[in-house]
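Number of protein chains: 2
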Amino acid sequence: MARVVIKFGGTSLGSIEKITNVASLIKKKKTNNDEIIVVVSAMAGQTNDLIEKSKKISKNYDKAELDVLLATGEQMSSSLLSAALIDQGCKSRSWLSWQIPIITEGPHNASRIYRSNTDEISKFLKSGGIPIIPGFQGVSNIFRLTTIGRGGSDASAVAIAKFFDADFCEIYTDVEGVYTTNPNMHSQAKKIDKISYEEILEMASLGTKIMQASAVQIAMLNNISIHVRSTFSEKEGTKILPDAKLDYEKSVTGISFSKNDAKVTLIGVKDRPGVAAKIFEPLGQNDINVDMVIQNISPDGKETDVTFTIKRDQLDQSIKLMNDIKTKINYKKLVYDDKVAKVSIIGAGMIVSPGITYKMFKSLADANINIIAISTSEIKISVLVNEEKTSEAIKILHKNFNLD
Amino acid sequence: MARVVIKFGGTSLGSIEKITNVASLIKKKKTNNDEIIVVVSAMAGQTNDLIEKSKKISKNYDKAELDVLLATGEQMSSSLLSAALIDQGCKSRSWLSWQIPIITEGPHNASRIYRSNTDEISKFLKSGGIPIIPGFQGVSNIFRLTTIGRGGSDASAVAIAKFFDADFCEIYTDVEGVYTTNPNMHSQAKKIDKISYEEILEMASLGTKIMQASAVQIAMLNNISIHVRSTFSEKEGTKILPDAKLDYEKSVTGISFSKNDAKVTLIGVKDRPGVAAKIFEPLGQNDINVDMVIQNISPDGKETDVTFTIKRDQLDQSIKLMNDIKTKINYKKLVYDDKVAKVSIIGAGMIVSPGITYKMFKSLADANINIIAISTSEIKISVLVNEEKTSEAIKILHKNFNLD
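Sequences listed follow chains A and B, in order. Position in the first sequence (first residue = 1) + 1 = my numbering. Position in the second sequence (first residue = 1) + 1 = my numbering.
The set of hints was computed from the structure by calculation and includes no laboratory data. Check before you lean on any hint, since a few could be wrong.
Heads up, simulated SDA-like pairs for lysine to any residue below, C-alpha to C-alpha not over 20 Å straight-line [what the hints assert, rightly or not]:
(1) B/Lys54 <-> A/Gly46
(2) A/Lys54 <-> B/Thr21
(3) B/Lys19 <-> B/Gln318
(4) A/Lys279 <-> A/Asp248
(5) A/Lys57 <-> B/Ile298
(6) B/Lys60 <-> A/Gly90
(7) A/Lys321 <-> A/Val276
(8) B/Lys56 <-> A/Gly90
(9) B/Lys19 <-> A/Leu51
(10) B/Lys400 <-> B/Gln189
(11) A/Lys124 <-> B/Ile380
(12) B/Lys210 <-> B/Ala65
(13) A/Lys124 <-> B/Asn142
(14) B/Lys279 <-> B/Gln318
(15) A/Lys321 <-> A/Asn287
Using the sequences and the hints, build the whole thing.
Laid out in C-alpha cells, this is it:
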C-alpha cells in the first residue's frame with residue numbers, strides 16, 4: 002500500500018472540462034490499496050483576476066484581507082474537483098485549510114506552513130475517501146486565512162506529504178517533466194528521468210521554471226521524493242530524489258539560461274583597500290542582489306576596472322547609485338550592457354568529474370563565444386555571454402556534454 | 002448610542018466602483034457613538050456564475066460541495082468591502098462564518114442559522130471596528146460550510162441583528178422601499194413609509210419581491226425593526242415594524258399580483274363524500290401546492306364542477322395526475338386556463354374595517370372584470386382574474402382604496 006500526495010496546477014484545472022479530466026485521472030490512479038491526497042491550485046487565471054480586483058480597490062490592499070480574497074480561488078477548485086469525483090462515483094470531499102487545520106506562521110501573503118492536524122483526513126483515507134485540499138493557503142494561530150506566496154501550491158503539496166508521511170509527491174503540471182534545457186530554445190532538449198534536489202534548485206534559480214524553490218527545499222529537508230509529470234500525457238515525468246538514490250552517469254544534468262541580467266563596469270577605479278566594499282555597500286542597502294563580479298587590475302596596479310551583474314530591472318537604480326558615489330570612489334567612467342545572458346551547466350556529477358570547467362570554456366572559445374564573466378558553485382558553472390549568443394552557447398554545451 | 006446591522010445586496014456591490022461607494026456610505030454613517038455590523042451578499046451575477054459552473058460539473062452536484070463553492074462569493078465581497086473601508090481610513094475586517102462562528106442546522110443548501118458567538122466581534126465593535134460578515138452562509142455543527150438558500154443574506158442580517166441585540170436592521174437594495182403596488186405596472190404606485198411584518202409577508206408571498214420571507218419571519222419573531230432602503234439614494238425607505246408601532250389610517254396598505262398561476266376545472270364530478278380528498282391527494286403527494294378552490298354544485302345536486310389553481314409551471318403535471326384518476330373519480334371533462342392572474346389587496350387595517358370585501362368585488366364588477374376565484378386571510382383578499390385584466394384591476398383597486 003502506498004500513500005501519495007498529488008498536486009494539480011492551475012493549467013491542469015483551467016476549465017470545467019479539464020477538471021472533469023483530472024477527476025478521471027485520479028479515479029484511474031485510485032486502487033483499493035492506495036491512499037491519495039489531492040492538493041489543488043486555483044483555476045488558471047483566477048488568482049490574477051483576484052489580484053486585479055484588489056488593485057482596483059486599493060494600492061495598499063490590506064494584506065490580511067488579500068489572503069481572504071485569494072483563498073477563494075483554491076476553495077472553488079477544491080469544491081469543483083471534489084464534486085467531479087463524487088459525480089464519477091468516488092468518495093471525496095474538500096477539506097479547507099481551517100477545517101484540517103493547516104497552521105502557518107509568518108506574515109500575511111508570505112506565510113510558511115509549519116503544522117497540520119492529520120486525524121480526520123487519515124480516517125477519511127482509511128474509509129477509501131479522496132480528500133481535496135486547497136494549496137497555497139493555511140490559517141494563522143489566530144485563525145485568520147493566510148497564503149504562502151505565489152506558486153505556493155507546490156510547497157503545500159510537499160508539506161502535506163511530510164505531515165501525512167506520504168511515500169512520494171506527484172506534481173502534475175503542463176509539461177512532461179524537467180528537460181536538459183528549454184525545448185523552445187533547443188530542439189535536442191531531452192527529458193531528465195532523475196535529478197537531485199540540489200540540481201533542481203540550481204536550475205530553478207537559474208531560470209528554468211519547474212517548481213517553486215521552497216517546495217524543493219522542504220522536500221530535500223524531509224527526504225520526500227517528487228515526481229513532476231504532465232496532466233495531459235501518461236508518460237513518466239522527472240523524479241526529484243535525494244543524491245543517494247541517483248547514479249551520475251553524466252557529469253552535467255542540464256543547462257539553464259536567463260536573460261534577466263545586466264552588466265555594469267566601472268572603469269578606472271583607484272585601487273585601494275576597501276574600495277570594493279564602498280561600491281557594493283549602496284547596492285546591498287537597496288536590496289540589489291549582485292550576481293557576478295570581475296576585477297581587472299591595470300598594468301601599473303594603480304587602477305582597476307570593476308564589473309558586476311545584477312537583475313536587468315534593477316539596472317537603472319544601480320546606475321543611479323553608482324553615479325551617487327562617483328566622487329567618493331573616484332572612478333573614471335561607467336559603462337553598462339543590458340544585452341547579456343547567463344548560461345549555466347548544472348550537474349551533481351561535476352563534483353567527481355574533473356575538467357568540466359576547462360571543457361566548458363574550451364567549447365565556447367572554439368565557437369568564438371566570448372565569456373564576459375564567470376561564477377561557480379559545487380554543482381554549477383555559469384558564464385555571462387552576449388545575449389545574441391545564448392542559443393548557440395546552449396546548443397554547443399548540450400552537445401559537448403552528451404545531452405543531445 | 003445605537004447598534005445597527007446593515008446589509009448590502011448583490012446589485013449594491015455589483016462592481017469595484019459600487020463597492021467603493023458602499024464603503025463611503027458606511028464611513029459616512031459611522032459616528033463614534035454608533036456601532037455598525039455589515040452583512041454582504043455576493044457581487045451581482047457571481048452566485049449564478051458559480052451555479053452555472055456546478056451544473057457543468059454534475060447534474061447532481063454534491064450539496065455539501067455546492068455550499069463550499071457558493072460560499073466563495075460572499076467571502077470575496079467581504080474582503081473587497083473590508084479592504085475598501087481600510088483604504089478609506091476606517092478600521093475594518095472580514096469575519097467569515099467559521100471565524101465567528103455562525104452555526105446552522107438543517108440540510109446543506111437550505112440550512113437555518115440558529116446560533117452565533119458574539120464575543121470577538123463585540124470587542125471589535127467596542128474598539129471602533131466595522132466587521133464585515135458574509136451573508137447567506139454559516140457552518141454546521143461538524144464545521145462544514147452551509148448556505149441558507151437563495152436570497153438568504155437578508156435572513157443572515159436579521160439573525161445577526163438578533164444575536165447582537167441590534168437596535169434595528171437596514172437592508173440596502175436597488176429600490177427605494179416597498180411600494181403600494183409594482184411601479185412598473187402602475188404609475189400611481191407610492192412608496193409605503195411603514196408596514197407590518199404580516200403585511201410584508203402577505204405581499205412577498207403574493208408576488209411582490211422585497212425581502213426573503215424567512216428574513217421577515219425572524220424579524221417578526223424577535224421584534225426587530227427593518228428599514229428597506231436604496232443604496233443609490235439618500236431618501237428614507239420603508240420601515241417594517243411590529244403592529245403595535247403602526248397606526249392604520251388606511252384599510253389597505255398595498256396591492257400585489259402574480260402571473261404564475263393556472264386554473265384547472267373538473268366538470269361533472271359525481272358528488273359523493275370523499276371526492277375532494279381523492280382529487281387533492283395525488284397533487285399533495287407530488288408537492289403541488291393548491292392555492293384556491295371553488296366548487297359549484299349542479300342544480301340537481303348530483304354533479305359538481307371543481308376548480309382549483311396551482312403554479313403555472315406545475316400545470317402539465319397536474320393535468321397528467323388528474324387524467325390518471327379520471328376513472329376513479331368519474332368526472333366528465335377537464336378544462337384548464339393558464340392565462341389567469343391573482344390580484345390581492347393587503348392591509349392589517351382590514352381587520353377593523355368592515356366592508357372591504359364588498360368594496361373590492363363592487364370595484365371590479367363596475368369595471369366589468371370577472372372574478373374567477375377568491376381566497377382570503379385576515380389581512381388580505383385575493384381574486385383570480387383573466388391575465389389581460391391584471392393592470393386594469395390594479396389601477397381600479399389602487400384608486401378606490403385611496404392609494405393613488
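Comparing the hints with the structure gives:
1. B/Lys54 <-> A/Gly46: Status holds; Cα separation ~16 Å.
2. A/Lys54 <-> B/Thr21: With a Cα-Cα distance of about 12 Å, the restraint between A/Lys54 and B/Thr21 holds, given a limit of 20 Å.
3. B/Lys19 <-> B/Gln318: Between B/Lys19 and B/Gln318 the Cα gap is close to 44 Å, so the pair fails against 20 Å, i.e. violated.
4. A/Lys279 <-> A/Asp248: The given pair, whose Cα atoms are some 45 Å apart, is violated under the 20 Å limit.
5. A/Lys57 <-> B/Ile298: Between A/Lys57 and B/Ile298 the Cα gap is close to 69 Å, so the pair fails against 20 Å, i.e. violated.
6. B/Lys60 <-> A/Gly90: Answer holds: B/Lys60 to A/Gly90 is near 13 Å, not above 20 Å.
7. A/Lys321 <-> A/Val276: holds, 18 Å
8. B/Lys56 <-> A/Gly90: With a Cα-Cα distance of about 17 Å, the restraint between B/Lys56 and A/Gly90 holds, given a limit of 20 Å.
9. B/Lys19 <-> A/Leu51: Holds - the C-alpha atoms of A/Leu51 and B/Lys19 are around 17 Å apart, at most 20 Å.
10. B/Lys400 <-> B/Gln189: OK: B/Lys400 and B/Gln189 at ~9 Å, within 20 Å.
11. A/Lys124 <-> B/Ile380: violated, 56 Å
12. B/Lys210 <-> B/Ala65: violated, 28 Å
13. A/Lys124 <-> B/Asn142: holds, 19 Å
14. B/Lys279 <-> B/Gln318: holds, 16 Å
15. A/Lys321 <-> A/Asn287: holds, 11 Å
Checked against the numbered hints above, the structure breaks hints 3, 4, 5, 11 and 12 and satisfies the rest.
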